[in-house]
Each structure stands twice: as structure tokens, then as C-alpha cells.
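> Sequence:
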Amino acid sequence: MRKFVTIILTLFTLSVTYGQTNLNGIYKGQEEMCVTDSLGKRDCFSDPKRPEWKWYHLNYLRINGDSVFLGQSPISKFKQHTLYSASDGGFYYYSGTIKTLSDSTIFIDLTEQHCDYCGTQVRIQPDGTYKEEKRKIQIVGKLENDLILTDNVVYKKENEKKLKTKRKH
Numbered sequence: 055m056r057k058f059v060t061i062i063l064t065l066f067t068l069s070v071t072y073g074q075t076n077l078n079g080i081y082k083g084q085e086e087m088c089v090t091d092s093l094g095k096r097d098c099f100s101d102p103k104r105p106e107w108k109w110y111h112l113n114y115l116r117i118n119g120d121s122v123f124l125g126q127s128p129i130s131k132f133k134q135h136t137l138y139s140a141s142d143g144g145f146y147y148y149s150g151t152i153k154t155l156s157d158s159t160i161f162i163d164l165t166e167q168h169c170d171y172c173g174t175q176v177r178i179q180p181d182g183t184y185k186e187e188k189r190k191i192q193i194v195g196k197l198e199n200d201l202i203l204t205d206n207v208v209y210k211k212e213n214e215k216k217l218k219t220k221r222k223h
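According to my numbering, the sequence shown holds residues 55 to 223 in order.
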């Protein structure tokens, strides 16, 4: 009986470890920059000078075990053309954790660490003072091959060697 329990625990540990390390890596996706009003109407941003150009956040999601980091950089796109912004749209940086809900579903819980060129969210306290509130993001993703599919972003796993080569140039 003791051997049986040891084997079951070993197999369980291997399956959990495999599931976590299998996701490790960098995933890239584009998220359209939109706001939703209190009535549920979604309004997405475009460049006022060039309305055919739409604004997106270029998202890099790094997974390492149960830790997750999300970096968002603003870009503007029209057909195959991409413009990279130096400040418009804000550069958001989040960190958090990932949990496996099933073989094909994950849950990512992120908290903003800092943001460049962004407004600060504050809440007025009962005594009239202001307290900064960190943005939070919760993502439920479906796993499909090297993709993480969410409600509004498709993340594709990147080849890390290819990314390192790009950075040298």
C-alpha cells in the first residue's frame, strides 16, 4: 500500500510540474485599446489625425512556474503598418500568479507594479485624503497548442532565442 501511495504522489507531482513548466516562456499578443461605459458600450481608440489607424497594447506575457509578468507597450496599426509610440497610450507593467483550473484553462491574477506615461488611479478616503490604487487584471485563458486565448487577446508563444537575437540589433 505504501508503494502504491508513493507512486500516485510521484505521478501527481510530475503532472503538476509538467503542466507548470510546459507553459513557461514568453507569449505575445495585441490588445485593442478600448473603454467600456456604464451601459456596456465599447469605444476603441484611433488616431485623431489618422482615424484609420487603431491603437493597441503590444502585450508580452512572461510565465515562469506560477509567476507571471505582463508588459504593455502602445502601438498604432493600419493594415500591415505599425507605429511604436514613445509615450501615448502608457507603458504598463504588471506581475502576479498563474493557476491551472483544468487541462485547458488557466487563471492569471495581476497587479500593476508601475506605469510610465499613465494617469494614477486614486480613491478619496473618508478623511478626504487620496490613496493610490493599483490597477488589477484577472485573465481566464484557454490553452490551445502554443496559444493562450482570452476574451480579447490571443497570446502566441514566442521563440525566446529569436527574441534574444532581435534585441542585439
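Hints are computed from structural coordinates only; laboratory data are not their basis. Keep in mind that the hints are not guaranteed to be accurate.
[To be verified] Okay, derived cross-link-like pairs now, EDC-like style, lysine to aspartate or glutamate, Cα gap no bigger than 16 angstroms in a straight line:
#1 LYS82 with GLU187
#2 LYS153 with ASP120
#3 LYS185 with GLU166
#4 LYS133 with ASP101
[Said to hold, decoys possible] Pairwise CB distance ranges, derived in the manner of DEER restraints:
#5 CYS172 with PHE132: 16 to 26 angstroms
#6 SER158 with GLN192: 32 to 42 angstroms
#7 GLY182 with GLU214: 10 to 20 angstroms
#8 ASP181 with GLU214: 42 to 52 angstroms
#9 CYS172 with LYS196: 45 to 55 angstroms
#10 GLN175 with THR151: 17 to 27 angstroms
#11 ASN206 with THR136: 34 to 44 angstroms
What you are looking at is a predicted structure, and each value in this text was computed from that prediction instead of being measured. The C-beta atom is built at its ideal place from N, Cα and C for all residues, glycine as well.
> Could you work out which earlier hints the structure fails to respect and list their numbers in ascending sequence?
1, 6, 7, 9, 11
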